[in-house]
Amino acid sequence: MQKKFALTNKAAWETKAYQAWVQFHGSPNEFAQTLKKDPRHPLRYWLKYIGNPSGKKVLNLLGSHGKKAICLALLGADVTVVDISEENRLYANETAAAAGVELNYICSDVLDIPNEETLGTFDFVLMEFGILHYFTDLSPLFSLVSRRLAPNGRLMLTDFHPFARTWMKTKNLQYPSGIYFDDTIKEGEVAFAKLLPEEERYGLGKVLTRSWTVGDVITSVASEALFIRTFEEIRNNEGSGCPEFYTLIADKCNVPLAPLHP
Numbered sequence: 001m002q003k004k005f006a007l008t009n010k011a012a013w014e015t016k017a018y019q020a021w022v023q024f025h026g027s028p029n030e031f032a033q034t035l036k037k038d039p040r041h042p043l044r045y046w047l048k049y050i051g052n053p054s055g056k057k058v059l060n061l062l063g064s065h066g067k068k069a070i071c072l073a074l075l076g077a078d079v080t081v082v083d084i085s086e087e088n089r090l091y092a093n094e095t096a097a098a099a100g101v102e103l104n105y106i107c108s109d110v111l112d113i114p115n116e117e118t119l120g121t122f123d124f125v126l127m128e129f130g131i132l133h134y135f136t137d138l139s140p141l142f143s144l145v146s147r148r149l150a151p152n153g154r155l156m157l158t159d160f161h162p163f164a165r166t167w168m169k170t171k172n173l174q175y176p177s178g179i180y181f182d183d184t185i186k187e188g189e190v191a192f193a194k195l196l197p198e199e200e201r202y203g204l205g206k207v208l209t210r211s212w213t214v215g216d217v218i219t220s221v222a223s224e225a226l227f228i229r230t231f232e233e234i235r236n237n238e239g240s241g242c243p244e245f246y247t248l249i250a251d252k253c254n255v256p257l258a259p260l261h262p
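Read left to right, the sequence shown gives residues 1 to 262 (this note's numbering).
Hints were generated in silico from the structure; no laboratory data involved. Check each hint, because a few of them may be wrong.
Below, a list of computed lysine-lysine pairs in the DSSO-like style, where the Cα atoms sit at most 27 Å apart [stated by the list, open to error]: (1) K186 x K206; (2) K206 x K37; (3) K4 x K186; (4) K10 x K206; (5) K206 x K194; (6) K57 x K37.
Starting from the given sequences, assemble the full structure and let the hints guide the process.
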């Protein structure tokens, strides 16, 4: 099933993604100048967990058009991005070049990175916004994270809160299901579609997704010997009583764990 997910979602993310980023952010040169003015702002949720990024090795999984990776590189980090879309890679690399920084951008399914072990290990793995729903099983994903983190390395995961996906309708979360434990596979609109004019959305591919609960996420991270340091729930900008997204921070621990079910 995961292979079908990957093939379907790759096709969707390689149809007009570059056009959507230009529509929303401007040309790569224009976007680069925007990011250079204040590279810290797009990283505001994570810098307090990083400290000074200069000299740090960062792996940005599902890094999309490279916004966060380029900002980290502007602050001196050595950044590798893995994402499934060639159009995302093209826009990110052109933006990075215009910003005067380098990215190691690998276009690949993150669960099938060619010669993965040659990447070495990283101080930080960053994953952010609208990513976990592309996986039918979270264990292989966090196993990858654990393998690629250096001892005491840190996972920084920010995504839409499962409660929000269930109960809230926002700009980013259009279709709440009302069922918190809903684990059915759904076909939906690719995320960047809303950035294109209505007349340009014809022919866009659909994506396949499934939802996860808070318990699913926390358990999957912890099962890979990643020590959860905090689970920060963040309100939406409209100040409702529900969180819109969360940030989970977990550190790699090289300690033997007893079986959960002896």
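Tested hints:
{"no.": "1", "hint": "K186 x K206", "in the structure": "10 Å, holds"}
{"no.": "2", "hint": "K206 x K37", "in the structure": "35 Å, violated"}
{"no.": "3", "hint": "K4 x K186", "in the structure": "13 Å, holds"}
{"no.": "4", "hint": "K10 x K206", "in the structure": "10 Å, holds"}
{"no.": "5", "hint": "K206 x K194", "in the structure": "13 Å, holds"}
{"no.": "6", "hint": "K57 x K37", "in the structure": "23 Å, holds"}
When the structure is compared with the earlier hints, a violation turns up for hint 2 alone.
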